[in-house]
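Going line by line, the protein sequences match chains A and B.
Taking the working numbering, the leading residue of the first sequence gets 2, the next gets one more, and so forth.
Taking the working numbering, the leading residue of the second sequence gets 361, the next gets one more, and so forth.
Source of the hints: derived by calculation from the structure; they are not laboratory data.
We put the beta carbon where it would ideally sit given N, CA and C, even for glycine.
Warning: the hint list may mix true and false statements.
As the list claims (entries may be wrong) - In silico lysine-lysine, BS3-like type, Cα no more than 30 Å apart, as pairs:
1. K110(A) - K492(B)
2. K422(B) - K57(A)
3. K57(A) - K366(B)
4. K58(A) - K422(B)
5. K110(A) - K422(B)
6. K499(B) - K51(A)
7. K366(B) - K110(A)
8. K475(B) - K413(B)
9. K150(A) - K366(B)
To be verified - Derived, one-sided and incomplete: chain B residues facing chain A with beta-carbon distance under 10 Å:
10. W371
11. F375
12. S425
13. A452
14. K459
15. N558
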Amino acid sequence: MDENDVKVKVLGSWSSPFVMRAMIALNIKSVNYEYLEERLWEGKSELLLKSNPVHKKIPVLIHGDKPICESLVIVQYIDEVWSSTPSILPSDPHERATDRFWAAYLDEKWFPSMRTIAIAQGEDARKAAIAQLEEGLVLLEEAFGKCSKGKPFFGGDQIGYLDIAFGCFLGWLRVTEKMSVINLLGEAKTPALLKWAHRFCSDAYVKDVMPETEKLAGFGKMIMAKLRGAAPPKS
Amino acid sequence: MAEEVKLFKTWSTPFGLRVVWALKLKGIQYDAIDEDLSNKSALLLQYNPVYKKVPVLVHNGKPISESLVILEYIDETWKQNPILPEDPLEKARERFWAKFNDEKLLPSIWDAFTKEGKEREEAIATSLENLKFVEEELKGKIFFGGEKIGLADLVFGWLANLICVFEEVTGFKIIDERFPVLLAWMQEFLELPIIKDNLPPHDKLVIKYQALYEKYHPAK
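So here's chain A without its partners, still in its complex pose (with noise of 0.2 Å):
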């Protein structure tokens, strides 16, 4: 059966950056997908529970009857499915294991310090945290720099794994300035991620599916009031 006979569905939530990583990847190969909103502060759908009983999270690629889970796991799964150019991941196993090594620090190291500065208890805590992101930052500089060769994404001339892992995280890198009174990427120590950053951003496949930094600011103020336990603050 061709591929593009079976229906593709996203579960996802307007917020997560890891829902999409899975919706660029099948904006790249030009899948047509039907998006369903999770309301995750109402409770979460039946479909949600039965696709991902595992771990009831978001996003969940639909592919058919056959759910798939886990954001970067969706992203090769999508790759290879539809496996007609453009590519996601680099042709060359040592390139993939570079964009894969990288990808997990993003999910492993780098993001969940953004997390907390948002509920860091104390100025210390908040200081470290920042302090690991930047640390990070400038550590995917020079990647980007090794990477890109010159051109003008992480994936040369076009997105790839290691564009699409990292800048869905750039909405919420752009609350945490502006919430945090901070600057992240900048002209001093990451030049070539803050011009990076704008060209995904403004990417075909990317610019629908990112989020506009002041709905998600005030998405943010509203979590970090419930997880402090005080009343939303009105937006």
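Since the structure of chain A is already known, use the hints to place chain B on it.
Here is chain B on its own, set in the frame of chain A:
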């Protein structure tokens, strides 16, 4: 071209062991360098500046870090005895469960080993929930990979040799008769020559984890 493969690990790390098994499965010749983590070599720090951890695979001078990344690299570079299937959905399943072990199961069991009091109770409860998911996934199969071992088997493989060590040290049996499929898998896995012939010595592991246990649970 002469192939040069080096693996930086320690004698006991389960993350290094899974890489050893993959290399052995594919018949790849390599040099093993066992690190002393209290005194890391300059080479290790050079090859893995971000994490400064083992394992690190160095192939013809180029380092690869993070065990799951290494396993996929090995599978893509040396095509014999594949550890990932061809089918994208099956591949996705293997990757999902590999992540589940590293992000959920292993940390929960480690917490059950290291924590005390209420935290320990919670860790045990979480571990049992996680084990139930694994038991369910294995039903009807010999290995996670089906008839042959694959990525997920290599990643869950630490259970086969370390769980009994934890149980011996703590006196607490976590994988009991509630998990018959998992117990059967552990036995099948341990009987494979690639695995059986490449295990760290049990007695040495007991001494190591006994010492660690005492560190986490100092006598009051």
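Inset, instruction - Of all the hints given earlier, name the ones this structure violates by number, lowest first. - result: Hints 2, 3, 4, 10, 11 and 15 are the ones this structure does not satisfy, whereas the remaining hints hold.
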